[in-house]
Amino acid sequence: MTKPIVPSVSDMPAAQSPQHLVVIGGGMVARRLVDALRSRDAAGSWSVTLLCEEPRAPYDRVALTSYFTGRHPEDLALGGQELWDDPLVTLKRGVKAEAIDRDARTVTTSTGSVIDYDALVLATGSYAAVPPVPGKDLRGAFVYRTIDDVADLRGWVEKRRNELDRPVRGAVVGGGLLGLEAAGALRALDVDTTVVEFAPRLMPLQVDDGGGEALRRLIEDLGVRVRTGTATSRIVGDRGRVSRMEFTEGPALDVDVVIFAVGVRPRDELAVAAGLEVGERGGVIVDDACATNDPAVWAIGEVANIGGRCLGLVAPGYTMAEIVADRLLGGSGTFPGADLSTKLKLLGVDVANFGDAFAQEPGGLEVVISDPVAGVYKKLVMSDDARTLRGGILVGDASAYAALRPMVGRELGGDPAAYLLPEGAGAAPAGDLPDDAAVCSCNNVTAGAIRCAVTDGGCTDLTGVKGCTKAGTSCGSCLPLVKKLVTTELEKSGVEVSSALCEHFDLSRAQLFDVVRVQGLTTFSEIIAAHGRGRGCDICKPVIGSILASLGTGHILEGERASLQDTNDHVMANLQKDGSYSVVPRIPGGEITPEGLIVIGEVAREFGLYTKITGGQRIDLFGARMDQLPAIWKRLVDNGFESGHAYGKSLRTVKSCVGSTWCRYGVQDSVGLAIALELRYRGVRSPHKLKLGVSGCARECAEARGKDVGVIATDHGWNLYVGGNGGFTPRHAQLLAEDLNTETLVRTIDRFLMYYVRTADRLQRAAAWVEDHEGGLDAIRAVVIDDSLGVAADLDAAMAVHVDAYEDEWAAVLADPEKLRRFGSFVNAPDVADDSFAYVAERGQPRPATADERAGGVLIAGTTLEVRR
Amino acid sequence: MTVETGVVPHPDVRRRGFIAVCRVGDLVPERGAAALVSGEQVALFRCADDTVYAVQQLDPFSGAFVMARGIVGTRGEVPTVASPMYKQVFDLRTGECLDAVGKEPVPLAVWPVEVRDGVVHVAPPEGPSEVSSPGTET
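If you read the protein sequences in the order shown, they are chains A and B. Numbering-wise (the numbering used here), the first sequence opens with residue 3 and increments by one. Numbering-wise (the numbering used here), the second sequence opens with residue 89 and increments by one.
Bound-form chain A, shown alone:
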């Protein structure tokens, strides 16, 4: 049976039921296609089914090696779950396409179902190629392509390590991009590693002989052996396992594990079987619209043979995905040709190439800086008049990449060598970049688009521009340049881009923290006299109040410090819209006795307060007048409660699930740990509020990964996550360290929190701080775990001071008549109650009257409104 030809999309009436797109393949490019289509197809003219052979949603294959540095498979997820929750999108995981019937327009899957399509996209990607070497199928020989590949590799290495009474030995066949990634993985697994490359140098496709030599030195310095110009002749087995590699030349190599990383081959077998045209060396032949010889079938990503070759990089794959999305919606986008520039960090070594890196265009001049001592090799290829940049290679330090790549084909201006000197990156020509220069090649964002996001789009910071343009959201290598462009543009439009706190201080919060700490200043007057001007404002005063509190200078309302506090901290309660306050006693870990609940209930009843359970597993009591706060707290403190610091930029709660004590699935005592952490960090003043969570097993019922610091129990201890956030910009916390014992866990959190307290900006949540931190989470991990800055002992000591000096702020106020006096309603009539409040009953509790209710004079009562029960 043959279906009628589908009319072109632009002819379709919008109200018609959607056409059906089937995408075969579940990789990064497939995901990009679905994402692009769904974000542009507002009318819902296409529904999509994604056949994903792997048992998981598309993930970040480029970051595969990070699986070995502590990340979990879910950390490799691309974007949010929303795409897969879209009713027009069906993701079939673990389902393989078995056959295509182009006449019937159907795909038959491994589960036996037959799916109709109006359009079909092949995004099947590549196989990892395995050379025909004898012994390639022995156990212990792997390829490096999927999460399952790396999980199997890890399992094998751990098994062999347990069996062998010596370090595990491994070899990677292939010294290209993928091979060095794989070598990084082996090294992360503590495997004694050798890289074997057939070509005379490493990364033969990306760097020249000079670059390859620099790369070899850098990698050998890391303890990885390199054998170039070497062909593997066979792998010898022992009891079915790999045990020795033999080469056409040179001595044999004893091995316990071998990874083949010699390249990839397009997975075009479905296309071949369906009679689609494929290239001589494989790949489905497509035109510059990514269409195959069947107009209903498209191919994108590594399987597509475009312009006579298959492209093994993600950026051109993304471009193809965007083109097909555009075409499906009636557009006419075409493939502009691939920018094969790459910037990588392999084994911690920067490698980048761009443009005509090998000076293949005639008449090119090469400017080379090679410094074997510093471990850098940099080359620029210039036009014959040495003015126009044609390409380049950077090994060891690729900081100039972001600035140089967009300049390919343009006049550099000045001495090209200046761009290669260490300070060259600083002289990056970001400001002069033409509008059409592509800054983010992953997402194809031009300098003009970034400028436009600032001038017309109203973005006022890097985060806004990233969200608006997607620049820098994939590999992130262009972020320094994006930041520079944004800053330049903001300055041009008169927006002050300054780290100064406010008009009274030129220092940033972190700088101020340091000078106060180092100089031992203890009062606002001293600080503003030494480092500022005027008498402060509502920006700098609370910041200094917080800094002084973090440095353990005593009660927040003592002496001059009282004048620094925002009203919440000043009366130690939370201001509500009508001028009343709410009160939150601490309930550590959310654990509370029946007696405790009764006390809170009685206090609420007596003072006529509205009660609500908070998101942090405690109870908020609303509608207290300022003058009532001491009496309320007297009752609470007398019954064993203490301040919950709900009013402060400080630790709020440590949320927990019930844990192994009661739960059938819990593996650790999450409540016990949550209470210990809450009691340890209560009262810590920080740049913004702090929320922690502890889950007793991987089910994560405490939602710890939505917290600034989250702890999740494992069979062996605790995994520590940081930088999560709910609120306006939800973020999942990222793994900082895994399987920690409780002591190490607490020490690591101590350091993380103190480092954050000292260095974050005003009102910067931990999530934003981690994101903005130079070097990101890895750099923070280096500081708090490896002590790369040598400050760990200092951070430990600072937290110890806090823990020792902690006292309940409310108990201290109740014991001090001078501080209590400030809670009086009127300075000249402290016993006259403020009568400006009006409440009405709703669902059996008081709530503030609305403006209309007040104006109408209806149902008005004081705060001691009698509530019907």
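Since the hints were made in silico from the structure, they are not lab data. Careful: at least some of the hints might be erroneous.
What the hints assert, rightly or not - In silico SDA-like cross-links for lysine to any residue, where the CA-CA straight-line distance does not exceed 25 Å:
id : chain 1 : residue 1 : chain 2 : residue 2
1  : A       : Lys579    : B       : Gly190
2  : B       : Lys191    : A       : Lys614
3  : B       : Lys191    : A       : Cys504
4  : A       : Lys821    : B       : Pro193
5  : B       : Lys175    : A       : Leu631
6  : B       : Lys175    : A       : Lys494
7  : A       : Lys579    : B       : Glu192
8  : A       : Lys579    : B       : Glu165
9  : B       : Lys175    : A       : His690
10 : A       : Lys821    : B       : Thr139
11 : B       : Lys175    : A       : Gly536
12 : A       : Lys691    : B       : Lys175
13 : B       : Lys175    : B       : Lys191
14 : B       : Lys191    : A       : Thr852
15 : B       : Lys175    : A       : Asp629
16 : B       : Lys175    : A       : Thr852
17 : A       : Lys614    : B       : Ser150
18 : B       : Lys191    : A       : Leu492
19 : B       : Lys175    : A       : Arg849
20 : A       : Lys821    : B       : Ala136
21 : B       : Lys175    : A       : Cys504
22 : A       : Lys821    : B       : Asp138
23 : A       : Lys579    : B       : Gly127
24 : B       : Lys191    : A       : Glu505
25 : A       : Lys579    : B       : Glu184
26 : A       : Lys821    : B       : Glu184
27 : A       : Lys579    : B       : Pro193
28 : A       : Lys494    : B       : Asp187
29 : B       : Lys191    : A       : Lys821
30 : B       : Lys175    : A       : Gly729
31 : A       : Lys579    : B       : Glu128
32 : B       : Lys175    : A       : Glu505
33 : B       : Lys175    : A       : Glu562
34 : A       : Lys579    : B       : Lys175
Every value quoted in this text rests on a predicted model; they were computed, and no experiment measured them.
Assemble chain B onto chain A, guided by the hints.
Then chain B, alone, in the frame of chain A:
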């Protein structure tokens, strides 16, 4: 409402309609305090140089009586208070709204203040100046 303050007003200021409210020492430096003056809520502020200012306690942006709980500071040479609710900034001397945080500026009514012998005296606002409240046209 009449309130016994226990403070004897200075004879001079009593004649001019000034009412004794409290002692300067009752006010915390660089902090505000609410006071009841002829039944009206007034926000008093004692600045670093012991100058005392009085403005309306009603925050015109939120409709809550909270101005005295704002943070006191300076903008250039101008003494200021920031509303504790939505952070609008006002000139304590004139009541002018210096930063409306994206809203239409609304000024605060200002009470003249005299300090005699350490006693703060406040007089009702002069002229037609009314207490600004939410919805007040300016």
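* Between Lys821 (chain A) and Asp138 (chain B), is the straight-line Cα distance small enough, at 25 Å or below? -> holds, 20 Å
* If you draw a straight line from the CA of Lys175 (chain B) to the CA of Gly729 (chain A), is it 25 Å or shorter? -> Distance of about 21 Å is within 25 Å: holds.
* For the pair supplied as a hint, Lys579 (chain A) and Pro193 (chain B), is the alpha-carbon distance within the 25 Å limit? -> holds, 19 Å
* Asked: Does the alpha-carbon distance linking Lys191 (chain B) and Cys504 (chain A) stay inside the 25 Å limit?
  -> Holds - the C-alpha atoms of Cys504 (chain A) and Lys191 (chain B) are around 21 Å apart, at most 25 Å.
* Asked: Regarding the pair Lys579 (chain A) and Glu128 (chain B), is the alpha-carbon distance no greater than 25 Å?
  -> Roughly 21 Å separates the two Cα atoms, so the pair holds.
* Straight-line Cα separation of Lys175 (chain B) and Gly536 (chain A) no greater than 25 Å? -> holds, 19 Å
* Can the restraint linking Lys614 (chain A) and Ser150 (chain B) be considered satisfied, given a maximum Cα separation of 25 Å? -> holds, 23 Å
* To do: Sort out whether Glu562 (chain A) lies within 25 Å of Lys175 (chain B), counting only the CA atoms.
  => At roughly 21 Å apart (the allowed maximum being 25 Å), Glu562 (chain A) and Lys175 (chain B) satisfy the hint.
* Asked: CA of Lys175 (chain B) to CA of Glu505 (chain A), is that 25 Å or under?
  -> Cα-Cα ~16 Å, so holds.
* Between Lys175 (chain B) and Lys494 (chain A), is the straight-line Cα distance small enough, at 25 Å or below? -> violated, 28 Å
* Asked: Lys175 (chain B) and Lys191 (chain B): Cα distance at most 25 Å?
  -> Measuring from Cα to Cα gives roughly 11 Å; hence the hint holds.
* Is Lys191 (chain B) within 25 Å of Lys614 (chain A), Cα to Cα? -> At roughly 31 Å apart (the allowed maximum being 25 Å), Lys614 (chain A) and Lys191 (chain B) break the hint.
The earlier numbered hints that this structure contradicts are 2, 4, 6, 8, 26 and 29.
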